[in-house]
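Chains as they are written, first to last, in this note's numbering: chain A, 1 to 178; chain B, 1 to 122.
Calculated directly from the structure, the hints in this document are not laboratory data. On a predicted model such as this, the values are computed, not experimentally measured, just so you know. A few of these clues could be false.
[To be verified] Quick list of in silico lysine-lysine cross-link-like pairs, DSS-like style, CA-CA up to 25 Å:
1. A:34 - A:112
2. A:18 - A:34
3. A:18 - B:113
4. A:34 - B:113
5. A:18 - A:112
[Claimed, not checked] Short, incomplete list of chain B residues facing chain A, as computed with Cβ under 7 Å:
6. 17
7. 18
8. 31
9. 32
10. 64
11. 66
12. 69
13. 94
14. 96
15. 97
16. 110
17. 111
Just so it is clear, CB atoms sit at the ideal spot from N, CA and C, and this is done for glycine as well.
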Amino acid sequence: MSWQQALSEIESTEFDVKLNVVSSMGAFFRAAAKESVVIDLYQSMRESGDAGEEVLGRIYDLSQLAVDPRYENPKDTPLAILLWLTYFTEPAYGQIAANYVDRAPQCWYAKKLARRILTPPPVASGDAWVGERQYGLEVAQTSSGDTMFIMNPVTQGARPRYYKKAGVPSSTAGNTSA
Amino acid sequence: MPRHPSARVRSLSSVYNCMGMVFASRRTWIDPEHLYMILEDDDYRRVLHEGELVRGDLVIYRDEEGHVTHVGLVAEVRTNLREARWEVIVLSQWGEVGEYFHHIDDVEPNLGKPTEYWTDRI
Numbered sequence: 001m002s003w004q005q006a007l008s009e010i011e012s013t014e015f016d017v018k019l020n021v022v023s024s025m026g027a028f029f030r031a032a033a034k035e036s037v038v039i040d041l042y043q044s045m046r047e048s049g050d051a052g053e054e055v056l057g058r059i060y061d062l063s064q065l066a067v068d069p070r071y072e073n074p075k076d077t078p079l080a081i082l083l084w085l086t087y088f089t090e091p092a093y094g095q096i097a098a099n100y101v102d103r104a105p106q107c108w109y110a111k112k113l114a115r116r117i118l119t120p121p122p123v124a125s126g127d128a129w130v131g132e133r134q135y136g137l138e139v140a141q142t143s144s145g146d147t148m149f150i151m152n153p154v155t156q157g158a159r160p161r162y163y164k165k166a167g168v169p170s171s172t173a174g175n176t177s178a
Numbered sequence: 001m002p003r004h005p006s007a008r009v010r011s012l013s014s015v016y017n018c019m020g021m022v023f024a025s026r027r028t029w030i031d032p033e034h035l036y037m038i039l040e041d042d043d044y045r046r047v048l049h050e051g052e053l054v055r056g057d058l059v060i061y062r063d064e065e066g067h068v069t070h071v072g073l074v075a076e077v078r079t080n081l082r083e084a085r086w087e088v089i090v091l092s093q094w095g096e097v098g099e100y101f102h103h104i105d106d107v108e109p110n111l112g113k114p115t116e117y118w119t120d121r122i
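So that you can see chain A by itself, here it is in the shape it has in the complex:
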């Protein structure tokens, strides 16, 4: 499956329903990590800069859509998944994408993840290794049992690093945390 097809399927209503039967953020991302379309897109984003940039553009487009204020944002699921993948493949883009998503109206999982990326929980002294549950985000595993990635930026070992990359507007590349 091409990454364009995977992207399209992640935005489908069927995919949205499949993931939104679960009731918590951890379960949502665990379920997502088992989906072949998510794994395909993740691999493509790791291997191809085009896919990563296209996904970032798609996050921007989706976050700008007008929604009926009475209902949840119908693009909450793709926004959450695309932000998640972006954060773990291109951390610098992840910060930018989290800013877009944080401004998208009526989101749930996407907004929670964006807030988590933008304001990671503080680490107190003595918290050298606090385990997974303290921060609410867990290791996600593929259906084959391999650890796909860790959702928690703190337990992952480092905050997103800053690096300048062609195509990233300099005005948005202000995070110099090491």
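Given the structure of chain A, go ahead and fit chain B onto it with the hints provided.
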């Protein structure tokens, strides 16, 4: 729901999740991670066999890794004499998708499998 022939919709509200349906009168979402705290606080006890279930008891679902993924209420317990087993009909809210009556095993794969039964009967 073509993939779930036993499922009959009861409501399409997204105001509450499975935990909110069971423990909060359909008013809000409750994270499943609080399940065992609630069971302990409210003096629930385990039911060890399907045959002991009655309407209103709880069914807890877990995924392959053992995480609690879902909870539902027993709506009906039928005896299937021909196949010598119990048929348990559950009422549960599937995330934000809707509330369904369904056979105990007939749920979306992401909701896991039924692993435990609990009751607050004296």
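Hint-by-hint comparison with the structure:
{"no.": "1", "hint": "A:34 - A:112", "verdict": "holds (21 Å)"}
{"no.": "2", "hint": "A:18 - A:34", "verdict": "holds (12 Å)"}
{"no.": "3", "hint": "A:18 - B:113", "verdict": "holds (16 Å)"}
{"no.": "4", "hint": "A:34 - B:113", "verdict": "holds (16 Å)"}
{"no.": "5", "hint": "A:18 - A:112", "verdict": "holds (19 Å)"}
{"no.": "6", "hint": "17", "verdict": "holds (4 Å)"}
{"no.": "7", "hint": "18", "verdict": "holds (6 Å)"}
{"no.": "8", "hint": "31", "verdict": "holds (5 Å)"}
{"no.": "9", "hint": "32", "verdict": "holds (5 Å)"}
{"no.": "10", "hint": "64", "verdict": "violated (9 Å)"}
{"no.": "11", "hint": "66", "verdict": "violated (11 Å)"}
{"no.": "12", "hint": "69", "verdict": "holds (6 Å)"}
{"no.": "13", "hint": "94", "verdict": "holds (4 Å)"}
{"no.": "14", "hint": "96", "verdict": "holds (5 Å)"}
{"no.": "15", "hint": "97", "verdict": "holds (5 Å)"}
{"no.": "16", "hint": "110", "verdict": "holds (4 Å)"}
{"no.": "17", "hint": "111", "verdict": "holds (6 Å)"}
Violated hints, listed in ascending order, are 10 and 11; each of the other numbered hints is respected by the structure.
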